[in-house]
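Here is how the chains run, residue by residue.
There are 2 protein chains.
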Amino acid sequence: MALAHAILAFLSEHPCSGYDLAKQFGGTVGNFWKATHQQIYRELAKLETEGWISAEVIQQANRPDKKLYSVTEVGRQQLIQWIGEPAEVAAIKEDLLVKVYAGHLVEPQVMIQELQRHRQLHLEKLSAYQEIEQQYFQNPQDLPAIHKFSYLTLLRGIHYEADYVAWCDEALELLR
Amino acid sequence: MALAHAILAFLSEHPCSGYDLAKQFGGTVGNFWKATHQQIYRELAKLETEGWISAEVIQQANRPDKKLYSVTEVGRQQLIQWIGEPAEVAAIKEDLLVKVYAGHLVEPQVMIQELQRHRQLHLEKLSAYQEIEQQYFQNPQDLPAIHKFSYLTLLRGIHYEADYVAWCDEALELLR
DNA sequence: GGTGCCATGTAACGAGTTACATGATTGG
DNA sequence: CCAATCATGTAACTCGTTACATGGCACC
Chain A
3 MALAHAILAF
13 LSEHPCSGYD
23 LAKQFGGTVG
33 NFWKATHQQI
43 YRELAKLETE
53 GWISAEVIQQ
63 ANRPDKKLYS
73 VTEVGRQQLI
83 QWIGEPAEVA
93 AIKEDLLVKV
103 YAGHLVEPQV
113 MIQELQRHRQ
123 LHLEKLSAYQ
133 EIEQQYFQNP
143 QDLPAIHKFS
153 YLTLLRGIHY
163 EADYVAWCDE
173 ALELLR
Chain B
3 MALAHAILAF
13 LSEHPCSGYD
23 LAKQFGGTVG
33 NFWKATHQQI
43 YRELAKLETE
53 GWISAEVIQQ
63 ANRPDKKLYS
73 VTEVGRQQLI
83 QWIGEPAEVA
93 AIKEDLLVKV
103 YAGHLVEPQV
113 MIQELQRHRQ
123 LHLEKLSAYQ
133 EIEQQYFQNP
143 QDLPAIHKFS
153 YLTLLRGIHY
163 EADYVAWCDE
173 ALELLR
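Protein sequence lines correspond, in order, to chains A and B. Everything in the first sequence is counted per our numbering, starting at 3 for the first residue and increasing by one. Everything in the second sequence is counted per our numbering, starting at 3 for the first residue and increasing by one.
Check each hint, because a few of them may be wrong.
Copies of the same chain look alike in the list, so a pair counts if it works inside one copy or between any two.
[What the hints assert, rightly or not] Mimicking BS3-like on lysine-lysine, the simulated pairs with C-alpha atoms at most 25 Å apart in a straight line are:
{"no.": "1", "residue 1": "Lys-48", "residue 2": "Lys-95"}
{"no.": "2", "residue 1": "Lys-127", "residue 2": "Lys-95"}
{"no.": "3", "residue 1": "Lys-36", "residue 2": "Lys-95"}
{"no.": "4", "residue 1": "Lys-69", "residue 2": "Lys-25"}
{"no.": "5", "residue 1": "Lys-150", "residue 2": "Lys-95"}
{"no.": "6", "residue 1": "Lys-95", "residue 2": "Lys-25"}
{"no.": "7", "residue 1": "Lys-36", "residue 2": "Lys-68"}
Because the hints were derived from the structure by calculation, they are not lab data. As the structure is a computational prediction, the values presented were derived from the model and not from experiment.
I would like the entire structure built from these sequences, with the hints used as guidance.
What follows is the structure in structure tokens.
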């Protein structure tokens, strides 16, 4: 059910097309909820038939038409109700940890290199998040409420990536 | 594909039945890979027809028969090959973050209470992990390789939960 | 006598992935 | 001329979830 609500949450702030959603999901909500464009179009169609969003066809010069979606009042109420329900703790599903768990089956160098590679990838994500923090969220206390909440999701990402790097370091130390 | 390999990884150390898998997944691999018993039985059937695992029917007194699965040499090779392939960075999918992202739509108290609740849940998981650490992994450096890798997955859990609690604290501070 | 554990499964559905398909415009 | 971007979708498949089904034994 959460994809539908992630879409509602994003659309309620930025009405846009399915194409835009598929891309801009990458920047904000996309940090904690991924979806391919096929999934998004399917979900948008469903949300529209249910009346939670409505579409306006925009004709563009030199470009294909697009459908601009926005959240209806019904959709807004659904979103608010959903937010009020308690959320489950997210389960972790991570290939890398399955591989680490069975890491004794391969040459030590294989796991060490893979951990170094992931350390680097998480470090890069961390830098990207920190740059956003520097640019837009210098004084979190002074932000309007709506941006405080955006900041909190970014802060979660910063925490997560920094902690992941720290774990990689400890893991690599133990394996040497 | 990873459920199959998570099962292989677990079976290669502890040959057991589908029923046991469904439960014991909870203790070790289950911390980073969840599956219902239906999924497990389906996957086991598939793995058996592919010849990656084999079953031996065990007749038990006063209990239903069970099928004891173990990994074949083919399965072992498949697992080793899979571990050698680079793993994707896991995508985060978390309902709570979607709710936080749109948190300005509800009363401040709603989000604060939900964050407090999650803080508590993660704290409990952290304690549980730390107890396992105390009991079985006092001196990680001295462990045999196979247990070092198990420890690393546990350490990942400890990191994750501790960091989550820290984020909840910062979030709650900002919202007050 | 009811609840819960052991043990295995089927069926239906919803969510997510991969591949295929179209067609115009922009920029190198 | 080729690749990339904009923009929308269908089809087929796998993975994950929920509900239903069976049946004996142990324990209170």
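Here is what the structure says about each hint:
1. Lys-48 with Lys-95: between (28 Å within a copy, 21 Å between copies)
2. Lys-127 with Lys-95: Both ways: Lys-127 and Lys-95 sit 19 Å apart in one copy and 16 Å across, limit 25 Å.
3. Lys-36 with Lys-95: both (14 Å within a copy, 7 Å between copies)
4. Lys-69 with Lys-25: Classified as within: same-chain Cα gap 15 Å, cross-chain 47 Å, threshold 25 Å.
5. Lys-150 with Lys-95: For Lys-150 and Lys-95, the Cα distance is within 25 Å only across copies (21 Å; inside one copy 29 Å).
6. Lys-95 with Lys-25: both (24 Å within a copy, 17 Å between copies)
7. Lys-36 with Lys-68: This pair counts as within: shortest intra-copy Cα distance 22 Å, inter-copy 40 Å.
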